[in-house]
Structures are given as structure tokens and as C-alpha cells.
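Number of protein chains: 2
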Amino acid sequence: MNLFYQPLLQEGIYYLDPDESKHCTKVLRKKQGDTIRLTDGLGFFYAATITQPNPQRCLFNVVEKTAAPQKDFHLHIAISPTKNPDRIEWFVEKAVEIGVDAITFVECDHTERTHLKVERLEKLSVSAMKQSVKATLPKLSGLTTLQNFLNGVDDAAKFIAYVDHTNPIHLQQAAKPHNNYVVLIGPEGDFSKEELDVCLQKGFQKVNLGPSRLRTETAGIVACHTLNLINT
Amino acid sequence: MNLFYQPLLQEGIYYLDPDESKHCTKVLRKKQGDTIRLTDGLGFFYAATITQPNPQRCLFNVVEKTAAPQKDFHLHIAISPTKNPDRIEWFVEKAVEIGVDAITFVECDHTERTHLKVERLEKLSVSAMKQSVKATLPKLSGLTTLQNFLNGVDDAAKFIAYVDHTNPIHLQQAAKPHNNYVVLIGPEGDFSKEELDVCLQKGFQKVNLGPSRLRTETAGIVACHTLNLINT
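These protein sequences, in sequence, are chains A and B.
So in UniProt numbering, spot 51 of the first sequence is number 51, and the numbers just go up one at a time.
So in UniProt numbering, spot 110 of the second sequence is number 110, and the numbers just go up one at a time.
Simulated from the structure, these hints should not be mistaken for lab results.
Please note that the accuracy of each hint is not assured.
Copies of one chain are not kept apart here, so a pair can be met inside one copy or by any two copies together.
[Claimed, not checked] Subject to a maximum C-alpha distance of 27 Å in a straight line, what follows is the list of computed DSS-like cross-link-like pairs (lysine-lysine):
1. K26 <-> K202
2. K65 <-> K117
3. K26 <-> K176
4. K83 <-> K123
5. K193 <-> K22
6. K139 <-> K117
7. K193 <-> K65
8. K206 <-> K71
9. K206 <-> K117
10. K22 <-> K83
11. K206 <-> K83
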């Protein structure tokens, strides 16, 4: 089932962008009068009928607008980018598939990457949303400092993946269902002691993600899936 | 912390292969008398002292052999390879990081790939084991037919990820902790009705992996993490 994306549907933009127009008319061979399904990435699905199968600008009429089922939890993952860009791209795709509401890329003391191709990550996010037939596009925030992130952090249950001699509890036990969560995932070199202290002062709770030593992007997915699972 | 791998340690092979010898002596600059940590991939960690830091064949003496903590569950994932080889390679790396005991690649009616670079997958598996500091190398089995797999399937709690109108329960609810599990993950086109019937006859239980529509490799990771989580 193909899902198309038009973020401005609620503003009355009833055509597909050139890439999707081409895919719809040339690859899927959709004709005038055919029905397509769309999302605005804002929580709604649409059924529409093609009025002009133009490969540059495929026009349609909306037949039906339906709200996607509401989730009763909100998940924001703040994660250090990885040295290898493929790994963070992979994280974005998988987090969107499994279910995430916001992703912020945080530059930590031990982060080995100082720039991100946010536009590419946005594209991956859109295609993962379409692939997993979701109606909400997660909010992606480009690289910011940990301090900036902490200053603007949501009112939520806050967790930081950090294992030390105080042996924190597992995220699965620490998090209550039906809540808003923010989870901080550090770089390969982990958070510095100073960063940890600042986060604890800001009300973050130390948690572990299980017995395995995980790469940054894997820790991000494990945290994402753990919180989706306790809300299943 | 660097972990080296020598599968024949228990047979008295006390040297590293050329790649690891080079990494140990040239990259990490280990000298005679330095200590290294190894695993045999069979459940044991070793502390050893370098006797000859030869970049082709680094020799060592084992100082200490310790058994890794025993798990009280066994997880075997049987999964269809993906059309794109990167996705199945990614699955192997992440499953090994999170924790898996055996992976079998199963050719299903809708599988779009008929060959696998098993050697490459083995290498990825070894490096993921080392990366996540594990002492057990999962058993990787190359592409086999679903029928062959079912004929030799382990005595275990058997699950097949398959969602239909009978709306199966979530793997998290269906699986009991501290058990042996086999989970079947199908291709993008899912299992055929005939395949599903054969699996049900063989005692597989239909389960879902949550509300999201997941790609094959993501479903594999989600199943892997779900079963690790209920055993945490």
C-alpha cells in the first residue's frame, strides 16, 4: 500500500511534489480517477482521487480525511550523532518505523561529529513514515549543544542512558506507561562526568538499557523500542 | 576495551589471526608482556600476555580463563533475507549486539534474494560480538528453504510474526521468560498462506510485534529485543 506525503494538505495544497508525482504517474501508473492515500505528517490520513496525473505536479481531490489513532505517550530521543553518518541515518529510519515523536541531535563532550545533513535525515524520516504507514512525521532537530538542549527540554519523564558503579535500574522498570519521555543517549565515549552531573541536576534519572554494551545508534533503538513496548 | 577472537583457544591455538595480529601490534601498539583480553566465541573470556608481538602472528600465553555469565534463555531467529543486502547485514550486527544465539536465513515464497554472502555475515557477527564484549558467537546458518528449516527446528517455544484478521497477540505477551525461543520473520511480501499453514501445523504460534508496520530487518530486531527484554 503506497502512502503519499503532502505536508500542506490542511492549507489546501492538493498536488504531489515532483518526485511523488513521477512515482505516482510513471511507476505506479496511476490514472485520472484513481484513488491514492496520503498523509500530511500531522496526524491525518487522506483518501484522494487523481484529477490530473501530471508527472511533475499530480493533482488530486481529497475524498476523505481521517485522524490516525491517538497515542497516549510522547517519546523524544536526544542522541549524539555517530562518527559514521550511516549509523545515525539508520537510527532515524528505525526509530521512525518503531515509533518516535521527536529526535534531537545533541553534541556532547565526546561527540566525534560536528555537522549533520539534516535535510537527508528529514527525507529518510519521511520515507520511513510512509513505509510504516504512519500519519505523524517526527520533529527532527539538528545538532545542538547539550546545554541548549537541556535549557529547552520538555516537561517529561527524563532518562539518561548511563551505567556506572551506582548500577542504575533498567529503563523498562524506571519508566511508567502513558507518559511523556525524554531519553538522552550519549556518544561512543559516553557522557563526561560534568555532563552527567548537569543532566542529573536537570532532573534526568540514570537508567541502563540491558546487559549488553550497545553502540550509540543501537542504544537509541533499544530505548525507543523499550518505551514503545511498555506502552503496547 | 579491545576484545580479540581466537575460536581455537580451547584446542591450544595461542596466536591471533593476521588481521588481529596487525591490529594488536601496529594499531594498538601492544608489546611483549602486555595483557590482552580474548574470547573463543564459545562462552569464555581469556586474559593473556603477549609473548611475541608478531604483526602476522601475534603469540600469547593464557593467564586466566573465565566463563561468561550464563543466560537462562536461548533465542533463535529465522528470517528471510532482504532484497537489499545491507539490511540483512545490519540485522545481523544489531541482533548480535542486543543478544541472539542462532540466526537462520530462510528462503520463503516471497523472498527476493536467493544467495547470501555468509562469510561476510560471519565477519560482521564476530565484530559485533567483540564490540559488545560478548563471549558467545551466535550460530549463523546460510540460506535454507522454509521446509528444511521446519524439519530441523529446535524444541522450543515457536512463534511466527504474522498479523491477520485473527489478530494474534503480541510476542511480549505470548512468550514466557527463561525459555528457548524460535521466531520466524517473513519477507516484505510476508509468508504465503500455505507457508503459514505449514508453520502452524509445526506448532508455531502467530504473534504480532506491535502496531507499526515494520520492514523485515526491523521486525527481526524488534523480536530479538522483545525477548531479551522479557528476560531482563
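Okay, the hints, checked on the actual structure:
In this assembly of identical chains, the alpha carbons of K26 and K202 never lie at most 27 Å apart, being 53 Å within a copy and 44 Å across copies at closest. Neither within a single protomer nor between protomers do K65 and K117 lie at most 27 Å apart by alpha-carbon distance, with minima of 33 Å and 46 Å respectively. Neither within a single protomer nor between protomers do K26 and K176 lie at most 27 Å apart by alpha-carbon distance, with minima of 48 Å and 49 Å respectively. In this homomeric assembly, K83 and K123 come within 27 Å of each other (Cα to Cα) both inside a single copy, at 20 Å, and across copies, at 21 Å.
In this assembly of identical chains, K193 and K22 lie within 27 Å of each other by CA distance neither inside one copy nor across copies; the values are 52 Å within and 34 Å between. Taking the closest pair of Cα atoms, K139 and K117 come within 27 Å of each other only inside a single copy of the chain (15 Å); across copies the shortest separation is 37 Å, beyond that limit. In this homomeric assembly, K193 and K65 never come within 27 Å of each other (Cα to Cα): the closest approach is 50 Å inside a single copy and 33 Å across copies. With identical chains, the CA atoms of K206 and K71 are at most 27 Å apart both within one copy (26 Å) and between copies (25 Å).
Proximity of K206 to K117 under the C-alpha cut-off of 27 Å is found in neither arrangement, the shortest distances being 30 Å within a copy and 40 Å between copies. Taking the shortest Cα distances, K22 and K83 sit within 27 Å of each other only across copies (23 Å), while inside one copy they are farther apart (35 Å). Proximity of K206 to K83 under the C-alpha cut-off of 27 Å is restricted to the intra-copy arrangement: shortest distance 24 Å within a copy versus 40 Å between copies.
In summary, the numbered hints that this structure violates are 1, 2, 3, 5, 7, 9.
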